[in-house]
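*Asks:* All chains should be modelled from the sequences, with the hints used to inform the complete structure.
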Amino acid sequence: KQEVTQIPAALSVPEGENLVLNCSFTDSAIYNLQWFRQDPGKGLTSLLLIQSSQREQTSGRLNASLDKSSGRSTLYIAASQPGDSATYLCAVSTDFNKFYFGSGTKLNVKP
Amino acid sequence: NAGVTQTPKFQVLKTGQSMTLQCAQDMNHEYMSWYRQDPGMGLRLIHYSVGAGITDQGEVPNGYNVSRSTTEDFPLRLLSAAPSQTSVYFCASSRRESNQPQHFGDGTRLSIL
Numbered sequence: 102k103q104e105v106t107q108i109p110a111a112l113s114v115p116e117g118e119n120l121v122l123n124c125s126f127t128d129s130a131i132y133n134l135q136w137f138r139q140d141p142g143k144g145l146t147s148l149l150l151i152q153s154s155q156r157e158q159t160s161g162r163l164n165a166s167l168d169k170s171s172g173r174s175t176l177y178i179a180a181s182q183p184g185d186s187a188t189y190l191c192a193v194s195t196d197f198n199k200f201y202f203g204s205g206t207k208l209n210v211k212p
Numbered sequence: 657n658a659g660v661t662q663t664p665k666f667q668v669l670k671t672g673q674s675m676t677l678q679c680a681q682d683m684n685h686e687y688m689s690w691y692r693q694d695p696g697m698g699l700r701l702i703h704y705s706v707g708a709g710i711t712d713q714g715e716v717p718n719g720y721n722v723s724r725s726t727t728e729d730f731p732l733r734l735l736s737a738a739p740s741q742t743s744v745y746f747c748a749s750s751r752r753e754s755n756q757p758q759h760f761g762d763g764t765r766l767s768i769l
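Residue numbers (the numbering used here), protein chains in the order written: chain A, 102 to 212; chain B, 657 to 769.
Below 20 Å or equal to it, Euclidean Cα-Cα: the simulated SDA-like pairs (lysine to any residue) are:
1. A:K102 to B:G698
2. A:K143 to B:V668
3. A:K143 to B:S767
4. B:K670 to B:L734
5. A:K211 to A:N119
6. A:K211 to A:P115
7. A:K199 to B:V744
Here's a subset of chain B near chain A, in silico, CB distances under 10 Å, partners left out:
8. Q693
9. P695
10. L699
11. R700
12. D712
13. G714
14. N755
If you are wondering where the hints come from, they were derived from the structure by calculation, not from laboratory data.
For glycine and all other residues, C-beta sits at the position ideal for the given N, C-alpha and C.
*Replies:* If you want it as structure tokens, here you go:
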């Protein structure tokens, strides 16, 4: 069974800092990996998706990397803003839309 | 474009009652799935469907039933509610290609007394 771990569980940084969120998974035979953002009381919003054959994806200030051999992905957030405060979830799929989620990193960006 | 719509948003049940959580998507997505989110445990897959008439079990299927009679709708039924089913339930949909993201509804917050 795929196990997904996210470290740290919580992170507090001052505005403007660059930061890295980590995700590790136990089975390297993945279909794709997705990073989501979840605001309190809300659903999940997809940020970046990396297919199995890809190494990284970028969207604006966000960059996600994938290293299947080591079972790791990172989400890099540049020049953090208070509006980036949310919980960030990593999800790994091993077969079409069967996803395994980490428990998330709760990010607080202080003005 | 409504995306993925879940109803109700909140529900309180008594132990032993049954109910159906509704999920509808208007994006003509083949895949739909149900997850539950519990504190400190992330999301866990309950059931999923790869198309109308086809469903399968996920990680935690016990106590739940699903059916998929149309592409748009994927209801989740609690047969006999138990306090352990108190959770936030999310429905998601996606296209079948590996480069297509999952789209989530806003969730149903369910409490079982």
